[in-house]
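When you get a sec, could you build the whole thing from the sequences and use the hints?
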Amino acid sequence: MYAGGRPNRWARFLNRISAIVFSLGIVGHGAVTLETVNPKSGTLLTLPLVVARYEDGEYAVSMLGQGSRWVRNVRAAGGKAIIHAGRRRSVILREVPADARAPILKAYLAQAPGARPHIPIDPWGPVAAFEAIAADFPVFNIRDDR
617 MYAGGRPNRW
627 ARFLNRISAI
637 VFSLGIVGHG
647 AVTLETVNPK
657 SGTLLTLPLV
667 VARYEDGEYA
677 VSMLGQGSRW
687 VRNVRAAGGK
697 AIIHAGRRRS
707 VILREVPADA
717 RAPILKAYLA
727 QAPGARPHIP
737 IDPWGPVAAF
747 EAIAADFPVF
757 NIRDDR
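617 is the number of the first residue of the sequence shown in the numbering used here; add one for each residue after it.
No lab work stands behind these hints, which were simulated from the structure alone. Zero decoy hints are in this set.
Between beta-carbon pairs, the in silico distance windows are:
#, residue 1, residue 2, range
1, Asp738, Pro655, 29 to 39 angstroms
2, Ser706, Ala745, 28 to 38 angstroms
3, Gly658, Asp761, 15 to 25 angstroms
4, Thr659, Pro719, 28 to 38 angstroms
5, His734, Asn654, 19 to 29 angstroms
6, Leu660, Ala744, 37 to 47 angstroms
7, Ala716, Pro736, 18 to 28 angstroms
8, Pro742, Asn654, 33 to 43 angstroms
9, Arg705, Gly681, 22 to 32 angstroms
10, Arg732, Glu674, 11 to 21 angstroms
A virtual CB, placed ideally from N, CA and C, is assigned to each residue, including glycine.
What follows is the structure, given as structure tokens:
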């Protein structure tokens, strides 16, 4: 469904449905809808996302890696985004340095089984194994935009 890191027609359809359901906040388990704006065209990108919870933080993880459109949009917007899960939250996404991502990626795969086929690692492996792939998968700490 994500050949070459891009969603095919079926995946785009499922993402639209999931984004609507996730935005209502009825799914729980970290299921949210993320909104970002393309800085060049001004178009809104809306997609479903599972927020990883690790220690006292919430994290957005790109299961498709560095090339995800939402990652490029967030970086271009200085981290500004919107999260919907029953209510609308303006947030700032702060990128986590690659050397601090491994335990968050491990927690993410435990909480987001749909991401497992996209991240080439045993989700139950040691944190040290995640260090080898951490630079390939952007992780952002989610903070309310105040």
